[in-house]
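Number of protein chains: 2
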Amino acid sequence: MATGRTHRPATRSRGIPEATVARLPLYLRALTALSERSVPTVSSEELAAAAGVNSAKLRKDFSYLGSYGTRGVGYDVEYLVYQISRELGLTQDWPVVIVGIGNLGAALANYGGFASRGFRIAALIDADPAMAGKPVAGIPVQHTDDLEKIIKGNGVSIGVIATPAGAAQQVCDRLVGAGVTSILNFAPTVLSVPDGVDVRKVDLSIELQILAFHEQRKAGEEALPDGLPASAAAARESTDKGPDGDVPAVMPA
Amino acid sequence: MATGRTHRPATRSRGIPEATVARLPLYLRALTALSERSVPTVSSEELAAAAGVNSAKLRKDFSYLGSYGTRGVGYDVEYLVYQISRELGLTQDWPVVIVGIGNLGAALANYGGFASRGFRIAALIDADPAMAGKPVAGIPVQHTDDLEKIIKGNGVSIGVIATPAGAAQQVCDRLVGAGVTSILNFAPTVLSVPDGVDVRKVDLSIELQILAFHEQRKAGEEALPDGLPASAAAARESTDKGPDGDVPAVMPA
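Sequence lines, in order, name chains X and H. To convert, note that position 245 of the first sequence is 245 in this note's numbering; the numbers rise steadily by one, no gaps. To convert, note that position 204 of the second sequence is 457 in this note's numbering; the numbers rise steadily by one, no gaps.
Keep in mind the hints are simulated off the structure, nothing from the lab. Each hint should be verified, as a subset may be incorrect.
Claimed, not checked - Far from chain H, some chain X residues (derived; all Cβ distances over 10 angstroms):
#	residue
1	Y79
2	E148
3	Q169
4	S192
Said to hold, decoys possible - Cβ-to-Cβ under 10 angstroms is the rule here; a few derived chain H residues that face chain X:
#	residue
5	E271
6	A286
7	N356
8	L357
9	G358
10	G366
11	S369
12	G371
13	T434
14	S435
15	I436
16	L461
17	F466
18	E468
If you're wondering where the values come from, they're calculated on a predicted model, not measured in any experiment. Here a beta-carbon is modelled for each residue, glycine too, at the ideal position from N, C-alpha and C.
Using the sequences and the hints, build the whole thing.
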């Protein structure tokens with residue numbers, strides 16, 4: 001922090017704990033919503049509530065960014081959006097390839113939330129020759145044979161795998177061989193990668209499991225003849241507030 | 254915990270912190286992988302590493318379940334699978350409807366990870382009359398006109414919204430009006446729901462933002478002429494270990 005390399009956000013980022021990094025996108029999402037409503041400033045309490053984090057944790061997180069807000073005024077929304085975006089590396093362009101253009105790959109290609117965050121879909125790749133040349137989300141699908149050429153030609157460092165489980169490891173190996181160093185894996189399988197490559201695995205059922213837990217609890221409360229209002233209220237509070245309730249649909253894999 | 258209502262998992266669950274609930278699916282996922290490989294027991298360290306959580310946190314979490322393992326032997330894999338599944342409510346059948354059968358809805362309908370966790374897709378619903386009757390993942394799509402009848406007829410309490418943003422709030426209102434009390438929202442919009450209804454919102458770009466952070470850090474390290482090996486190593490470690498690095502792709506909304 002005291003190295004004076006203010007032109008190097010990567011250097012400054014080293015001191016930020018992983019848990020804080022994982023919360024930065026939540027803050028950014030809430031701040032973007034405020035920005036769209038032209039709200040100029042926000043208190044730590046309001047922002048914490050919008051992001052589903054407790055406010056003490058938020059203030060600690062922002063202290064890593066060197067952002068402390070102004071007493072009685074709060075945080076400047078636009079400046080925080082810029083600051084967090086820069087910290088996350090979203091102020092630069094990240095070309096991404098999606099491999100496996102079935103329903104999920106097509107849904108990801110059409111997903112509006114990527115482009116607005118600096119993730120540009122550089123290419124869509126599929127193993128089915130019948131798909132080659134067909135446009136999905138306005139981008140012509142290319143064949144897996146050209147994977148290495150596509151990665152190198154577009155300077156891609158982030159790959160998204162949306163293939164069936166059986167194809168995922170081979171695709172992963174080829175992506176890594178061609179220079180990809182971050183992989184987002186939607187295939188229901190665990191991938192092996194060499195050191196220096198980050199993989200994050202998405203399990204779409206995890207969020208449903210959390211909901212099931214609360215459903216079960218609600219059903220149990222309704223069935224109670226004696227009501228138990230106090231503990232029921234406590235249970236609701238923990239559901240609504242969720243200071244630590246950031247749901248890990250993705251885990252380091 | 255001391256109420257003696259051991260036949261009521263919902264009652265016992267009230268004492269479990271929200272953050273522990275959010276980690277139970279991660280443990281379950283890792284345990285299921287061990288179970289599939291017929292591994293009979295696992296140490297807290299091994300299981301913690303597989304789940305991407307630190308082992309002290311895991312032992313604390315399991316203490317809420319009343320599960321302490323056996324010194325020198327570890328935890329019984331099959332029993333823990335059963336215990337966590339029961340705690341999450343996955344030993345019962347959860348009929349789920351998916352509303353909005355575009356690419357994303359179809360991908361979710363085909364997603365194998367739901368059925369294996371007790372989430373049975375009771376119905377697929379879409380507003381496009383041309384879709385009605387067409388099978389997706391072997392289930393004929395039904396029209397939105399019949400939404401209330403479908404929810405009530407199937408005893409559905411969990412709804413998944415995969416519609417465009419503009420349609421999501423109206424669909425949400427109708428689901429809630431028909432008796433749905435948990436909603437998983439994939440639409441890129443914030444939903445308003447009455448008290449007593451849980452909503453979890455999925456943002457598929459959040460995990461990419463975490464990867465971008467690490468990519469930026471890696472790029473910064475490569476570009477450093479003086480190397481900085483110590484801090485670079487520390488940065489790698491935090492990426493690989495990620496004790497708190499459970500990525501919130503979903504947040505309470």
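Margin query: Hints numbered earlier in the text: which of these fail when held up against the supplied structure?
Written below: Hints that this structure does not satisfy do not exist here, as all of them hold.
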